[in-house]
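Chemist: Letter by letter, the chains look like this.
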Amino acid sequence: MNSSVIVFPGSNCDRDIAVALEKLEFKNTMVWHKDITLPKSDLIVVPGGFSYGDHLRSGAIAAKSNILNEVIKSANDGCLVLGICNGFQILTETGLLKGVLLRNKNLKFLGKDIYVKTINNNNKFCNKYKQDQVLKFNIAHNEGNYFTSLDHLKELEDKNLIPFKYCDEKGNIKDENNPNGSLNNIAGIFNDKKNILGMMPHPERMVDQMISGDDGINLFKSLLN
Amino acid sequence: MKITNAIVEKHGLKPDEYSKIKELLEREPNLLELGIFSAMWNEHCSYKSSRLHLKNLPTKGKQVIQGPGENAGVIDIGDDDAIIFKIESHNHPSFIEPYQGAATGVGGILRDVFTMGARPIALLNSIHFGSPKHPKTKSLLNGVVSGIGGYGNCIGIPTVAGETKFDSTYNENILVNAMAVGHAKKDKIFYSKAKGLNKSVVYVGSKTGRDGIHGASMASAEFDENSEDKKPTVQVGDPFTEKLLMEACLELMKDKSIISIQDMGAAGLTSSSVEMASKGELGIELNLDKVPCREEGMTPYEMMLSESQERMLIVLENNKEKEAKKIFERWDLDFVIIGKTTNTNNLTLKFKNEIVGEIPIDALASKAPLYDRKWIKTKLPTKKINIKDLKKIKLEDALIKILSSPNESNKSWVSEQFDQLVMTDTAQRSGSDAAIIRIHKKEKAIAVTVDSSANYCKAHPLTGGKQIVCESWRNLISVGAKPIAITNCLNFGNPENSKVMGEFAECLIGLKEACEFLNFPVVSGNVSFYNGTNKKNIDPTPVVGGVGLIQNTKNKINHILKKEGNIILQVGKTFGHLYQSVFFKEIYSITEGPPPEVNLSNEKNNGETVLKLINGNLIASAHDISAGGSILALAEMCLSSRYGLKIEKPTKLSNLMEHYFGEDQGRYLLEIEPKNLEKVIKIIDANNIFNETVATVQKDYFEIIGELKIHINELYKVNNKWYNNY
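In order, the protein sequence lines correspond to chains A and B. Read in the working numbering, the first sequence has 59 at position 59, and its numbers run on one by one without any break. Read in the working numbering, the second sequence has 767 at position 542, and its numbers run on one by one without any break.
One chain only, chain B, in its complex shape (with noise of 0.2 Å):
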């Protein structure tokens, strides 16, 4: 078959791109040549555009033992303790199918964990959708949320958090970002790298079918009216399965049988292989006639490019094959050695006795195209609004419209469709600052959160960018956790516009600037450009997901209120800064004007006396101030509770809204016993942090003196109604 222009086109590939194939293998590729370069050079496998920025992030840490790279990141939590994590994306597929695009989302991350040798023990997730007034909308939630749920829940690994927002932005491309963690044994950490000659490359888990052909490409691109035309290209999960094949390899690994593994994810068998070799600096060998096929007839090309779900590939130790074969018998999954290792440094596919494909591995790895694209500076938007001049508010109906708006309402119509207690070592559940999730047999957790804020990264993307940092550090200190190290999932729009690429590349300015100054480093994440439709760009959405660890389970803290007469203490300062918050976007529709501002250096100490507050049993409950303000905050506590509060009017700022819906960062909201609280104040006085008492813990009613008094059931039912009624 001549490979002719419009095939090019059609395999997403540039012109340019094309040229750069034949040079590198010195003639015209075949069709299932170009398949593979097509795959392997797709934004979604090779950074093309993003790995220039993304080497600029701190990556490093006393904590780090694997940054990014692997399959996932991996960190040190002492004794011989790993946690490795990582989130990814599935925004495409889940646009077009919902419910398997959003499963299979969840099946990827936890393979990506798994093949490291951890078992998982949390799953967490960021989902965006389109405005509720979309047409869409309903039937992508009720998609996504039981989709992951039906993942999550069939295979038994709890759900603890996540969040859920709505915004035009994402009316015809929503975000399903999926993160999974796991907890494994030090020195018992598996890599992707090959190593040694004439090893055999083994195949496991379910049969191979025509599934998710090109699912990384159609990743690559923007959709447009089409794009329902794409379903073909989205993979089928199965978490049953998936189940059996974590099983499987978990009691594999127990033993040193394994050199390499890798996970079958975007570009199947394709990425798998080449990702070994090129890391071994070896060649592989595959005899395509081994691959357990699920329908009859299947071609090199599809074997190649299929994204079929729950598939490994193992570089196993000689002689270790009827032992390890045995394992995945017994979980009744196939298991073939497909191919070997060999010393050619190429790609080479056999076929019914012939080489239909060889491709030097390095033309599919290292030398894969890289951009320095153009992008341009996001100026900080000028403050233009007087609070004066807008219509008057009550504050009693401004807290009400709030608390029962789409993106504020109590979530629990989600969270109830995950299992979150299984595996029952859920200390914390979503709803929470951070969940927490106790080492098993242990006395330590791990606390983990997932935050975005786009709206904050659309206005400013270098100071969004380290906002999200800090939401997630406070978000990890608010439940008494020490903050160890993140995993991004950097969505974004068209990097070909200029507009676009700068966003992404300040967002990443800023990232690096707040995570190296925390001492918070990157451990792994997924890049997810081309999110728009017909030239519509999303906002940048950057998704960060932390962890941090409490030594003992016991000092957890959460933001439930303990009890009446208990002083809350707001620590960090108030400036009212309104431009950007759910306040002015809610109420008064307005969205334009810079992001708060981020002061890293009080971030840092704000955080850290906070926490020694924690550690030393002085504080009944926590809570950070992020969007929505201090009002938000403080009737979260109480909605958390069932308990109210009385709340003193403020004496200095003048401007009641501005006071109590400013979203000024760095600020933490802190439940005190009387008796412990002038000794709270000292500790943070000495740390020279701005702190004020701003209310008392009462039966019954959420109140601030003089200006609202509303009965916590109400303000519970206004809360509540949203996902009921939607």
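Okay, chain A solo, but in the shape it has when bound (with noise of 0.2 Å):
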């Protein structure tokens, strides 16, 4: 399968993510944020990081950028597109995901680790994993509280376009396992078709048991399948 990681100025997860993918056998192409053509992809990253030092507001910048309309143009055409991260706060500046990623209801930084539960895994993303499977995955940002209309909202889990919340351990799905303060403890959402998926919390992080663990390698797994 062919991927492309896309890089502007201040990404800083994008050589993770071609790490994780390399690791699960993805013919991958680093992608700079000046090209003006895309390599033929099966799957294109818009990795996390802190593109244009998050100035202006987070992805704001990179959503205007010239690789970002190629972006656009395969994601139309049912290309698997991945935002993890700041990647998913660019897909919601560039209008491919629906919806906008504010402070964290903390106003502070987080970075830890949580769990999130599959809610959806008859998709393309999440295929290799199990229904309700409880997931450890890691988190680092300012911006990943999850918010949209409430006509949005109904759509998104009425669709069933919500892959992951944010629950505890055992997969409760409470306020307090809220790190960020998403609406409903979003961690990530589909479009319409499920080809585009943004997310906040980062499964390139897990794919080494002996580094943080590897409950993201099935993401990957899934893609491939």
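Just so you know, the hints here were simulated from the structure itself, not pulled from any lab data. Values in this document were obtained by computation on a predicted structure and should not be read as measured data. Mixed in with the good hints, there may be bad ones.
What the hints assert, rightly or not - Below, a list of computed lysine to any residue pairs in the SDA-like style, where the Cα atoms sit at most 20 Å apart:
{"#": "1", "chain 1": "B", "residue 1": "Lys946", "chain 2": "A", "residue 2": "Asn2"}
{"#": "2", "chain 1": "B", "residue 1": "Lys667", "chain 2": "A", "residue 2": "Asn177"}
{"#": "3", "chain 1": "B", "residue 1": "Lys666", "chain 2": "A", "residue 2": "Gly213"}
{"#": "4", "chain 1": "B", "residue 1": "Lys669", "chain 2": "A", "residue 2": "Lys34"}
{"#": "5", "chain 1": "A", "residue 1": "Lys23", "chain 2": "B", "residue 2": "Lys666"}
{"#": "6", "chain 1": "B", "residue 1": "Lys504", "chain 2": "B", "residue 2": "Gly292"}
{"#": "7", "chain 1": "A", "residue 1": "Lys34", "chain 2": "B", "residue 2": "Lys550"}
{"#": "8", "chain 1": "B", "residue 1": "Lys432", "chain 2": "A", "residue 2": "Gly53"}
{"#": "9", "chain 1": "A", "residue 1": "Lys170", "chain 2": "B", "residue 2": "Asn938"}
{"#": "10", "chain 1": "B", "residue 1": "Lys942", "chain 2": "A", "residue 2": "Asn177"}
{"#": "11", "chain 1": "B", "residue 1": "Lys667", "chain 2": "A", "residue 2": "Asp208"}
{"#": "12", "chain 1": "A", "residue 1": "Lys34", "chain 2": "B", "residue 2": "Glu548"}
Reassemble the complex: the two chains are provided individually, in unrelated frames, and hints are given to aid placement.
Modeler: Here it is in structure tokens:
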């Protein structure tokens, strides 16, 4: 499977996602933000980090970069797109995903391991997880507090467009396990066609048991499936 | 402009220093030249009070590639890998403007490391605040922690370990020390020594602004009630630009176009150019019209003394300019040739076709003042307290009080503001004895820790100096690493005060003795004097950053209890030393008496034996016993794992408080599977080390038989409440 990782000035999880993809034997290419063409890709990853130093608003400037036009075109043609952390923020800024990511509710950067529950495993990204499986991921963000209109929230729930929700170790989805204040404990969302996934937790940080855990591996295996 | 006494004083120069300047120049300096002297001759840049003492530290060793004197120290970790690291203070700026002060402290130390060709792989910090009750402490804590995170998180280097402490000695002068660790290939290390005539001197990075002018001089004076007025001397950090600068520099370093490279840190363009020329025994000529400026109308004085961040100076090989420029332009950074190396041995500054300043390089560097300041010894305090005379307290109450105290509380409030996992090689995060970073795509890993014990150093600087080195050594051993080398950040008061100077001199003797004995050399460091306000000096606070090597990341170990039924063995003898302990301070507010004795030969023997056991896969978890004594160390093992312990009461020491809260050195707790116990004890006995089984791992309860029984969840709650309620 061919993957492309978009690199913006200030991206800092680009190497991490590349390492994870290569470990799972994706054929990966790093794509510089000033490029105007995308290599042929089955998967495009918009990685985490601080593109353009979060200047103006996180993700805002990256969303206007050359290469993003190509990403939008490919996404509309059905290419799989994964936005992680800042990548999720960028995807909401482009409009590929609806809603916004606000400052965390405690107004502080949050870097910690959290648990998410697999709410929907019937899609390209999560099919190797069991329904309701609890996963340990890591978050590291200032703005991960997902917010959207009530109508859109209802649509997300009704159409099953929320793959992951924050929960406790046992899978209980409660307010106290919501690290950043996201509506309905949302940790990630799909677009309508479920070919675009934006998520705040970092699956690429969980691909090695010796380092931090390996609950992220199946996300990449799902994509290969 | 005529240089008056008032102007000289404003530049932090003493009258005799000004006379020396005139002597060296054989004339009066102009204002620009005076500014440059002031920047180079202040304590921060010249080490004029400390140089005599620093030269006694052991800096060589089989694994040392580069000791002090460069941007950072370099050690050999086998194969073609080198680790480059250093710690530095940013105390004064952080007190004036906590967020920016701390952030630029991180930025500065990162530049020191990637300037030498290393990709930074870890950040650490040691931060000391005043009493939590002091009105400024809360906002300083918030600002510093978010500043450290703000910079490290954005640039994408994991912040993996640190220490956060509170004591009223820092009420008016907090300490913010940041350490960076990087990885390079042994044959790709870059130094600051310039070589060759007529080579291009290139300015890269951010533009020069009016921020931070005289920052280094500000950091070389005490605070007074007008400190707030010094805000304009604090630099403003931009981690985004630093990320670009780092990537561009590392890209340029892939080939051989760089002769010498130096970051513009303290004293900016002045110190970077003088340093490169001085080491290369060359002159350097700068055309200041070419310096990229943020604002219009900047004067040579402002350009030379600005401490704007994220800038570098490079001496480039001939004909490499074009390719190098391409790299920096790709990263949207300025790249301007602003001068050349010369054979004049002068710093020559041109502006608008005129020479506006000319100073012999050696006058700024090797001929800078050197002081043999008066110092007095600190006597070992006597033991005057009989524990039986103190008001009785229940063991349980004392433990709860200590676990919920600001200094011993769980610090995840701090560490959760840092990205600890970016780069995905962090094999062990903060909260352990030492953090562990795997070398990218290799089996081996390094362990890193920062430590300080200001109260021990205050009570007896010589012992305190030794103790911190041992503490660092023990922390590395406890995670299964072989200690290799240290960096140190020496935070002291006013060196013109003979007591302070004595604290400095004796702490250094202690450091030297311990480093020599343990074969644990010093490869880099930084001195920060004048920490104090209105003649009140801070307690001596040397901070040690230690680095060790783990051959295979699989062999790492931590202090998390692993299995019910496992036995806890204590290595090293308990004498029950309570003076300078957390117990005396927190429970009785007693701060007198000597620190615990340091026996270097025991330290070495105990440490080496524990490491051998860990490498032999005989140990399930390990923890060093430090501040708070064995009871705190035992509790910490429970808190990190949610297992409980059944602890046997001592048979020998009659006083429980001495037994559990005593801070005797050289001790470890080891969790051992019952089947391995006999073998372990045999090895320890063979090395003549005192050991005793002290506890068994059990479910749910932290229990001392017949004394106390607390549910782990309760212990956890107590340990986690302080920060959240502050």
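Chemist: Mind listing which of the numbered hints don't hold for this structure, in increasing order?
Modeler: Of the numbered hints, 1, 2 and 4 do not hold.
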